[in-house]
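Chains S and F are the protein sequences, given in the same order. Using numbering that gives the first Met the number 0, count along the first sequence one by one with no gaps and you end on 306. Using numbering that gives the first Met the number 0, count along the second sequence one by one with no gaps and you end on 294.
Since the hints were made in silico from the structure, they are not lab data. There may be inaccurate statements among the hints.
As the list claims (entries may be wrong) - Only part of the chain S face toward chain F is listed, based on derived beta-carbon distances under 7 Å:
#1 Leu120
#2 Gly222
#3 Thr252
#4 Met259
#5 Gly265
#6 His268
#7 Tyr269
#8 Gly276
From a predicted model like this one, the values you see are computed outputs, not experimental measurements. Virtual Cβ for every residue (Gly too), placed ideally from N, Cα, C.
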Amino acid sequence: MRANTRPGTAEPLRNWQEAVLSRAVRLSGYSAIVFVGLIFFFLVREGSPALIEVPLADLVGLRWYPIEGHFGVLPLISGSLIVTVGAMAVAIPFGIGTAMFISEIAPRWAREVLKPMVELLGGLPSVVLGFLGILLLSPFLRQALDLPTGLTALAGSLLLAGIALPTIVSIAEDALDAVPKSYREGALALGATRWQTMWGVTLPAARSGVLTAVMLGIGRAIGETMAVMMVTGNAPVLAVQLGSLFAPARTMTATIAAEMGEVASGSVHYHVLFLIGMLLFLISLAVNVAASAVVFRQRTRAERVLS
Amino acid sequence: MSADGRLRRYAAGGGRRILTQRLGFTLLTLTAVATVVPIILVVVYIVIQGAPAISWEFLSGVPREGMRQGGILPAIVGTFYLTLGTAVFSVPLGVAAAVYLAEYAQENAWTRLIRIAIINLAGIPSVVYGLFGLGLFVLFLHLGTSILAASLTLSIMTLPVIISASEEALRAVPQAFRTVSMSLGGTRWQTIRRIVLPQALPGILTGVILGLERAAGETAPILFTGAAFFLPRLPHSPLDATMALPYHLFVISTQVPEMPIRIQYGTALVLIAFVLGMNLIATVVRSRARARRQW
C-alpha cells in the first residue's frame, strides 16, 4: 500500500496561501471595531476643543447664533427631540399596525405586495422626500392649518415618520413572525377570537422585538438629516411646548449639515459642530446598545422558559 | 341561572367579540393602506411630473444658465463614480468580514464586540459619517474634497449592510457542503472559495446592491467630503470633487432661486430611477437564485 498519496510539492505553497488569506479575513473581521473606534476618535479629536473654548454655561445656553459667538445647543437638542417625538407619534401606531396586518391578517397576495412596497419606501433617498416635502407637504400644511409658514417641525415629523416606518415595520414583522404558531393555536383553542389572540398573545410574546423595532426607528429619526433640514425651516428656537410643533425648528443634524460647509476648519464653530456630532454618535450608541440589550434579555428569558 | 340563559349570554358576548374583531381588522387594514398608498403616490407623482423633463439633452448635457437650463450629466456620472468607488472599498472588506464571522469566528467576547460594532456602525447618523470623512479623509489624510474621500466615507457607512447580508447568505449554505468538501481533502480556504462562496453568491450580491443603493441616494455623508455645488464638467480623476444626483436635487430645490420646477422633478425622477433600478436588480437576483437553489 502507498503510504503517501499527497502531492508533496504543492503543500507548502498552499499552506502559505492559506495562512495569508486566513489572516486577511481575520483582520477584515475586526474592521468594524476599528472603524467605530476611528469615528469616535476623530469626533473627540475635532470636537473636544469646543469644551475648552466655549464655557459650559454658554454651551447649554438658549441661543444658537454662531456669528456672534453664541453656541447654546439646547434649541438644537429640543428641535431634534420634538421632531422625533412627533414622528414617533405617527410612525409607531402605523408601523406596528402595518406589521400586525402583514403578519396576522393579510392574505398571501397582500403580503407579497406590501412587503416590497415598504422596502421601496426604505430605499427612497431622503432628499427626494424632502424635495416633495417642500413642494407639496409644507404648502398643504400651511393652508390646512392656517400657519404663517408650512416649513415647521410638524412637516419634518411627518417626513421622518415615513423614513422610520420601513425600519419599524420590517423588524416588528420579523418579531411577530417569530412567535411560535402553537401560541396562537393555544389561544384560539381556548375560544379567543383572532383579534383577542393578536393582542393578548402574539403581540405580548413579540414585545421585545417590537420594542427593538421602535427603538431603531427612533434612532433613524434622530439621525436623519436631509429631509429634516429641507422642511423644518431651520429656526434655532427652544421648542418646549406642543405649539412648537407648528413652528419652525432646527435639529442637531440639520445644523451640522447646513453650517459645516461654511466654517473654517479649526475654528470654534467647527469644533462645536463636531461636538454636536459626538453627541449624536453617543445617542445612537445608547439607542443601539439598549435595543440589543432588549433582544439579549428576551433570549435569556426564552432559554429559561424552555429549559 | 339556567343553562339556556348562560348560552344566550355567551352568544351575545360572542357577537360583540366578533364585531370588535371585524372593526379591529378594518382599522388595521386601513392603517396598512394608509402606510402604503402614499409610497405609491410619491413614486407615481414623480414619474408623471418628471417625465416631460427627460430628454437626450437633459441626460447627456451639462447644466447651463446657473443650472436652470441644460442637462445633469455631471451629476449622473458623479453618482455612478461614487457608487463604483464605494463598491471597490466596501465589497471586498465587507465580504471578507462576513466570511470571518460565518466561517472562522468562535462565539467569544471578541466576536460579540464585533457584532456590537457592526450594529453601531449601522446606527450612526449619516451626517456623522460626513463629519468623520471630513476629519479623517479630507483633512487628516489630505485627500481634499474628492470622489476618493467621499467614496471611502460612503464605504464605511455601507459596510454593516454588506457584512450582515453576506453573513446571513453564508450561514444559509448547508453545513453538509463544507463537511463533504473537507472530507474530500479540501482545505478550509478551498472549501470557502470553491464551495461556500459560490453557493452564497446570490445572497451576497443582493446585500451588496441594497447597500450600494443606499450609498447612491445619500447626501449628508458627501456634503463636506466630495460633493460639488456646481461643476459643469466630468471629473478627471478620483481626486476631483464631483456633482452628485442627491446633492444636486438638494441644491436646485433649496439653494437656487427661480429654478424651473420641471428640471427639479426631472432630476428627482432620474435619482429614483437610479436607486429603484438597483433595488429591482437586487429583487431579480434574489428571486432567480431562490428558484434555482437546490437546497
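Now for the hints, and whether the structure bears them out:
Interface hint status for leucine 120 of chain S: upheld, as the beta-carbon distance to the closest one in chain F is roughly 5 Å, under 7 Å. Nearest Cβ of chain F to the Cβ of glycine 222 of chain S: about 3 Å, under the 7 Å cut. The hint holds. Because the beta carbon of threonine 252 of chain S sits about 5 Å from the nearest beta carbon in chain F, less than 7 Å, this interface hint is met. Because the closest C-beta pair between methionine 259 of chain S and chain F is about 5 Å apart, less than 7 Å, the hint holds.
Below 7 Å, beta-carbon pairs count as interface contacts, and glycine 265 of chain S has none with chain F, the closest being about 9 Å; its hint is therefore violated. Annotation: histidine 268 of chain S was flagged as interfacial toward chain F, and the flag is violated, the nearest CB pair being 13 Å apart, outside 7 Å. For tyrosine 269 of chain S, the interface hint is violated, since its Cβ never comes within 7 Å of a Cβ in chain F; the closest pair sits about 9 Å apart. Annotation: glycine 276 of chain S was flagged as interfacial toward chain F, and the flag holds, the nearest CB pair being 4 Å apart, inside 7 Å.
Hints 5, 6, 7 from the earlier list are contradicted by this structure; the remaining hints agree with it.
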